[in-house]
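So the protein lines, in turn, are chains A and B.
Position 70, counted from 1, in the first sequence is what the numbering used here calls 70; the numbers after and before it change by one each time, with no gaps.
Position 5, counted from 1, in the second sequence is what the numbering used here calls 5; the numbers after and before it change by one each time, with no gaps.
Hints listed in this document are in silico derivations from the structure and should not be mistaken for laboratory results.
Note that CB positions come from ideal geometry on N, CA and C, so glycine has one too.
Do not rely on the hints blindly, as some may be mistaken.
Only pairs whose alpha carbons sit at most 20 Å apart, straight line, appear in this in silico SDA-like list of lysine to any residue [unchecked claim]: (1) A:K479 <-> A:S549; (2) A:K155 <-> B:G155; (3) B:K88 <-> B:M76; (4) A:K155 <-> B:N6; (5) A:K48 <-> A:L60; (6) A:K155 <-> B:W23; (7) A:K155 <-> A:I50; (8) A:K155 <-> B:E2; (9) B:K107 <-> B:L62; (10) B:K87 <-> B:L98; (11) B:K52 <-> A:A272; (12) B:K88 <-> B:Y150; (13) B:K19 <-> B:S80; (14) A:K155 <-> B:M158; (15) A:K479 <-> A:L534; (16) B:K52 <-> A:S280; (17) A:K155 <-> B:P154; (18) A:K339 <-> A:V596; (19) B:K52 <-> A:S296; (20) A:K479 <-> A:M552; (21) B:K107 <-> B:M145; (22) B:K19 <-> B:S71; (23) A:K155 <-> B:Y150; (24) A:K155 <-> B:L26; (25) A:K479 <-> A:L413; (26) B:K52 <-> A:G273; (27) A:K48 <-> B:E2; (28) B:K52 <-> A:P279; (29) B:K19 <-> A:M159; (30) A:K155 <-> B:V146; (31) A:K155 <-> B:G143; (32) A:K155 <-> B:P4; (33) A:K155 <-> B:V147; (34) A:K155 <-> B:I172; (35) B:K19 <-> B:D181.
Cβ pair distances, simulated, as ranges [as the list claims (entries may be wrong)]: (36) A:G273 <-> B:S56: 19 to 29 Å; (37) B:Y150 <-> A:T234: 32 to 42 Å; (38) B:T13 <-> A:F527: 47 to 57 Å; (39) A:D437 <-> B:M59: 47 to 57 Å; (40) B:G14 <-> A:K479: 47 to 57 Å.
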Amino acid sequence: MSFSEKREEGVSEHDSEVPEAPEGLSEPPDRGAAEAHGAHHQEGFLRKYIFSIDHKVIGLQYGLTALLFMLFGFCLMLLMRWQLAFPGQPIPVIGGLLGNANAPGGVMLPEFYNQLGAMHGTIMVFLGVVPLVVGAFGNYFVPLQIGAPDMAFPKLNMMSYWVYFVGGVIMFVSFFLPGGAANSGWTSYPPLSNIATMGQTAWLLGMVFLITSSLLGSINIITTIIQLRAEGLTYMRMPFFIWSQFVTSFLLLLAFPPLEAAGVMQLMDRLAGTSFFMPSGLVVSGQVLEGAGGGSPLLWQHLFWFLAHPEVYVLILPAMGIVAEVIANNTRKPLWGYKAMVYASVWLGFMSFIVWAHHMFLTGMGTVMSAFFQTTTMIISIPSVVILTALLISLWGGSIRFNTPMLFALAFLPMFGIGGLTGLPLGLAPSDIHLHDTYYVIGHFHYVVAPGTIFAIFAGIYFWFPKFTGRRMSESLGKIHFWGSFIFMNGVFGPMFLQGLAGVSRRLYDGGVQYSHAQDVVQFNQFMSYSAFLLLIAQLPFIFNFFWSMRMGEKVGNNPWQATTLDWAATSSPPLGHGNFAEVPVVWRGPYEYSVPGHEEDFLPQNVATPAPQEG
Amino acid sequence: MEIPYNVEERPDTGLYNGKLGIWLFLASEVMLFGGLFSSYILLRTGDPNWFKPELSVPMATLNTMVLISSSVTMVMAWASLRLQDFKKFRLFSAATFLLACAFMVIKGFEYNTEFSHHLYPSSNNFMATYFTMTGLHGLHVLGGMVVIAYLWGPGSRMWKTEPERFTNRVEITGLYWHFVDLVWIFLFPALYLL
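Let the sequences and hints guide you as you build the complete structure.
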C-alpha cells in the first residue's frame with residue numbers, strides 16, 4: 001500500500017517515532033521532546049489533575065477515592081457492630097445525626113441495619129477493594145513495570161475513572177432516597193430485591209456504571225500488557241504482579257457482563273413490570289402480587305454468582321501479586337517457583353468460572369449439580385495453595401528485611417491461609433448445609449479479604465509510597481499501624497467462626513440475643529465490636545503517616561528498596577505528565593534477580609544491560 | 001504523548017492497540033448477550049406455562065436482510081479506504097448509516113404493532129425477553145450509528161492528516177458493526193422462528 005507516502009506528506013508535525021521526554025528534563029534532547037515539553041506547560045490544572053489522561057494521576061485518583069470509600073464502608077460496619085454488641089441502645093455521639101427515618105432517638109431501626117449491611121458489602125467490594133487493587137495499583141504500576149509510557153488507551157482510562165466516580169456517587173446518594181439505600185444484601189436476591197424500596201433501583205444503576213468502569217479498565221490493562229511490553233520483556237519475564245493483573249483483567253472482562261445482563265433484567269422487573277425473577281403467585285404481606293409471573297429467582301443467583309465468584313479472585317489475585325513483589329524484594333532472593341505461580345494463577349482464573357454454584361447448595365438445585373460444583377471447588381483450592389506455598393517457601397533461607405511492607409506481606413500469608421482453609425468446609429455440600437449463611441461464612445471471606453487483601457494493599461502502599469511521592473513513610477508509625485491492625489482484625493473476625501459453628505445467622509439485627517442456640521456465643525459480640533472500634537483507632541497512625549510523609553517523610557532516590565523490576569528504573573515520583581522513563585528501557589532478564597552469584601550488589605535490575613565485570 | 005503501536009502493528013502480535021481492544025470488548029459483549037440468551041433458555045425451559053405470541057416474521061426477515069446488507073457496505077467502506085478512494089468510503093458509509101436507520105424504523109413499526117396488540121414487556125416472560133434483548137440490541141445499533149455518522153462527518157478530517165489511523169478506526173467500527181449484525185442473526189431465529 002502507499003500509506004507511507006501519504007503519511008509523510010501529512011504527518012510532519014506528528015512524528016510518532018520520537019519517544020517523549022518526561023516533563024522537567026532540563027535539556028530536551030530533540031525536537032519531539034521539546035514540543036512535548038511545551039505542550040505540558042499548556043496543560044491546564046483541569047487536564048493535569050482532574051480530567052487527566054496520565055495513568056499515574058488516574059491511578060492516584062482511583063486510590064484516594066477508593067480509600068475514602070473504604071473508610072466510609074468501614075464506618076457503616078462500625079454502626080452495625082454497635083447494634084450487634086448493644087442491641088436497642090442509642091448510638092453514642094452520632095446517633096442523633098442519622099435521622100428519624102433511620103434511627104429515632106439514636107436507636108437503629110432494622111430497616112436501617114439492612115441498608116448498612118447491603119451497602120457495606122457493596123462499597124467494600126465494588127467501590128473499595130477492586131478499584132484499589134485494579135484501578136489504583138494496576139493503573140499506576142502496570143505501565144511502569146512493563147516499561148510503557150502510559151496505558152494503551154489513556155482517554156478510556158480517564159473515562160473508566162469518571163464512570164466509576166459517578167457509580168460511587170449514585171451509591172452514596174442512594175442513602176438519601178425515600179426508603180434509604182438498597183437493603184437486600186450485597187447479593188440483591190430477588191424476589192426480595194424486586195419489591196424493595198427505591199434504593200435498589202439506584203443500586204442497580206450504580207452497578208451498571210461500576211461494571212462499565214471495570215470493563216474499560218480491564219480492556220485497557222490487557223491491551224497494555226500484550227502490546228506495550230518493553231523490548232525483551234517476554235511473558236515469562238514479567239513480574240508476578242503483572243501476571244496477576246493480567247489474569248484479573250480477564251476475569252473482570254468476562255465475568256462482569258452476565259451481572260450487567262442480570263442487572264438490566266432486574267431493572268426491567270422493577271421499572272417495566274416484567275417477571276424475569278418473579279415466580280407465579282408470590283404472596284407479599286398477605287396479598288398475591290400482580291404480574292405475569294413464571295420467572296425464576298434462582299436465575300438471578302446463577303447470574304450473580306457467575307460474576308461474584310470470579311470476583312473473589314479479582315480481590316485476591318492482585319493482592320497475591322503485590323505480596324509476591326514485596327516478598328521477593330525483602331527476602332533478597334528470587335521467588336521460589338515463579339513459573340508454577342504463573343501457571344497456577346492462570347489455572348485459578350480459568351477454574352473460577354466454573355465454581356459459582358457452590359454458593360447455592362441450599363437452593364435445591366439438585367445433588368448432581370452440587371456434586372459437580374463441590375468437585376470443581378475442591379480443585380480450585382489447589383492453585384491457591386500452590387501460590388501460597390510458593391510464597392511461603394520463598395522465605396526459606398532469605399535474609400529477610402522486616403520493614404513495614406514486609407510485615408504486612410508476611411501477615412498476609414497466615415491470614416489468607418486461615419481464610420482459604422476455612423473455605424473448604426463451605427465448598428463441600430454436606431458441611432455447608434450447617435454453615436451456610438452463618439457468621440462462619442462472614443469470618444471466612446473476611447479473613448480472605450480484610451487481613452488478606454487489605455493487608456496486601458497496605459503492603460503495597462508502604463512499598464510503593466516512595467514511587468508516588470519520592471519519600472518514604474515513617475517506619476515506626478507503620479509498625480504501630482501493622483501490629484494494631486493485625487491484633488484487632490483477628491479480634492473482629494476470629495470469634496465469628498465460633499458463632500457460626502454454633503449456628504448464628506449472618507443477618508440478625510440483634511446479633512442473636514433472642515435465639516437459644518446463640519446464647520453460648522452471643523457474648524463474643526461485645527468483644528468483636530470493641531476490636532472493631534480499636535481497629536479504627538489503629539488506622540489513625542496510617543492516615544497521619546500517609547499525609548505527614550507526603551511532605552515530611554525521608555527523601556529517597558529512585559530505587560530505595562534496591563529492587564529489580566522496571567518500575568524502580570523510572571524516576572521517583574515520576575513527573576505527573578506523560579512519559580515514565582528517561583530512556584526507553586530494554587529488558588535483559590527475569591524479574592527477581594536478587595543475590596546473583598558473582599554480582600557485587602545483591603540485586604540485578606531487569607534493565608541493566610550486562611552484569612558488572614566480575615572482580616575476583 | 002506517543003503510545004507505541006497506536007497505529008502500526010506490533011510485530012510479535014500482529015495487532016495495533018485498538019484492534020486488540022475492540023476484540024476484547026467484543027469478548028465481553030459475547031458474555032453480556034450470552035448471559036441474556038442463557039436466561040432466555042432457562043426461563044423458557046423452566047416455565048410449564050410458557051406462552052409465545054405471534055411476531056411478524058416477514059418484517060424480521062426484511063430487517064435481517066437490511067442489517068446483513070449494512071455489514072457488506074461497511075466492509076466496502078473500509079476496503080475503499082484501503083484502496084485510497086475516499087469518495088467511495090463516504091458513499092458506502094452513508095449507505096451503512098441509512099441501512100441502519102431503515103433497521104431502526106422497521107423495528108419501530110414492529111414495536112408499534114406489538115403495542116397495538118397490547119403486548120408489553122409486562123405481558124409475559126417471552127415478551128419481556130423479547131423487548132429486553134431487542135431493546136439492548138437496538139441500543140447497540142444506535143451506538144454504532146453515532147460512530148459511523150461521526151466517521152462520515154467530522155471524524156473524516158483525520159483522513160487528511162493520519163490516513164492509516166483513520167482507516168484503523170473504520171476497521172474497528174466495522175468489527176463492532178459485524179458483531180451487532182451477528183447478535184441479530186442469533187436473535188432472529190431464537191425469538192421469531194423457534
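Checked hints:
1. For the given pair, K479 of chain A sits about 15 Å from S549 of chain A by alpha-carbon distance, which is consistent with the 20 Å threshold.
2. At most 20 Å may separate the alpha-carbon atoms for a hinted pair to count; K155 of chain A and G155 of chain B meet this at roughly 17 Å.
3. Straight-line distance between C-alpha atoms of K88 of chain B and M76 of chain B comes to about 8 Å, which keeps the hinted pair within the 20 Å bound.
4. With a CA separation close to 13 Å, the supplied pair K155 of chain A and N6 of chain B stays within the 20 Å bound.
5. A C-alpha spacing of about 12 Å is found between K48 of chain A and L60 of chain A, which places the hinted pair at or below 20 Å, so the restraint holds.
6. Proposed proximity of K155 of chain A and W23 of chain B is supported: the alpha carbons are some 18 Å apart, at most 20 Å.
7. For the proposed pair K155 of chain A and I50 of chain A, the alpha carbon gap of about 13 Å is at most 20 Å, so the pair holds.
8. Simply put, K155 of chain A and E2 of chain B have alpha-carbon atoms about 13 Å apart, close enough for the 20 Å limit, and the pair holds.
9. For the hint pairing K107 of chain B with L62 of chain B, the CA-to-CA distance comes to about 10 Å; that is within 20 Å, so the pair holds.
10. About 17 Å separates the Cα atoms of K87 of chain B and L98 of chain B, which keeps this hinted pair within 20 Å; it holds.
11. The suggested pairing of K52 of chain B with A272 of chain A holds, with an alpha-carbon distance near 19 Å, which does not exceed 20 Å.
12. Of the supplied pair hints, the one linking K88 of chain B and Y150 of chain B holds, its CA atoms being roughly 16 Å apart against a limit of 20 Å.
13. Simply put, K19 of chain B and S80 of chain B have alpha-carbon atoms about 19 Å apart, close enough for the 20 Å limit, and the pair holds.
14. Our distance criterion of 20 Å between C-alpha atoms is met by K155 of chain A and M158 of chain B, whose separation comes to about 18 Å.
15. For the hint pairing K479 of chain A with L534 of chain A, the CA-to-CA distance comes to about 16 Å; that is within 20 Å, so the pair holds.
16. Among the hinted pairs, K52 of chain B with S280 of chain A is consistent with the structure: their alpha-carbon atoms are about 17 Å apart, no more than 20 Å.
17. In summary, the hint linking K155 of chain A to P154 of chain B is supported, as the alpha carbons are separated by about 19 Å, within the 20 Å threshold.
18. For the hint linking K339 of chain A to V596 of chain A, the alpha-carbon distance of about 19 Å falls within 20 Å, and the restraint holds.
19. Our distance criterion of 20 Å between C-alpha atoms is met by K52 of chain B and S296 of chain A, whose separation comes to about 18 Å.
20. For the hint pairing K479 of chain A with M552 of chain A, the CA-to-CA distance comes to about 18 Å; that is within 20 Å, so the pair holds.
21. Simply put, K107 of chain B and M145 of chain B have alpha-carbon atoms about 15 Å apart, close enough for the 20 Å limit, and the pair holds.
22. Restraint check for K19 of chain B and S71 of chain B: the C-alpha separation of about 18 Å stays at or below 20 Å, so the hint holds.
23. Restraint check for K155 of chain A and Y150 of chain B: the C-alpha separation of about 18 Å stays at or below 20 Å, so the hint holds.
24. Restraint check: the Cα-Cα separation between K155 of chain A and L26 of chain B comes to about 19 Å, which is no more than 20 Å; the hinted pair holds.
25. Restraint check: the Cα-Cα separation between K479 of chain A and L413 of chain A comes to about 18 Å, which is no more than 20 Å; the hinted pair holds.
26. For a cut-off of 20 Å, the pair hint linking K52 of chain B to G273 of chain A stands: about 18 Å separates their Cα positions.
27. Under the criterion of a C-alpha separation no larger than 20 Å, the hint pairing K48 of chain A with E2 of chain B is consistent with the structure, at around 17 Å.
28. Taking the CA atoms of K52 of chain B and P279 of chain A, the gap is near 18 Å; set against the 20 Å cutoff, the hint holds.
29. Between K19 of chain B and M159 of chain A the CA atoms are separated by roughly 19 Å; this keeps the pair inside 20 Å, and the hint holds.
30. About 18 Å separates the Cα atoms of K155 of chain A and V146 of chain B, which keeps this hinted pair within 20 Å; it holds.
31. Of the supplied pair hints, the one linking K155 of chain A and G143 of chain B holds, its CA atoms being roughly 18 Å apart against a limit of 20 Å.
32. At roughly 15 Å between alpha-carbon atoms, K155 of chain A and P4 of chain B fall within 20 Å of each other, so this suggested pair holds.
33. Taking the CA atoms of K155 of chain A and V147 of chain B, the gap is near 16 Å; set against the 20 Å cutoff, the hint holds.
34. Annotation: proposed proximity of K155 of chain A to I172 of chain B holds, straight-line Cα distance about 17 Å (limit 20 Å).
35. Using a Cα cut-off of 20 Å, the hinted pair K19 of chain B and D181 of chain B holds, with the two alpha carbons roughly 18 Å apart.
36. Between G273 of chain A and S56 of chain B the C-beta distance comes to about 23 Å, which sits within the given range of 19 to 29 Å.
37. Look at Y150 of chain B against T234 of chain A: about 39 Å separates their beta carbons, and that is inside 32 to 42 Å.
38. At roughly 56 Å, the beta-carbon separation of T13 of chain B and F527 of chain A lies within the given 47 to 57 Å, and the hint holds.
39. As the Cβ distance of D437 of chain A to M59 of chain B is approximately 49 Å, the hint placing it in 47 to 57 Å holds.
40. A hinted range of 47 to 57 Å holds for the C-beta pair G14 of chain B and K479 of chain A, which are about 51 Å apart.
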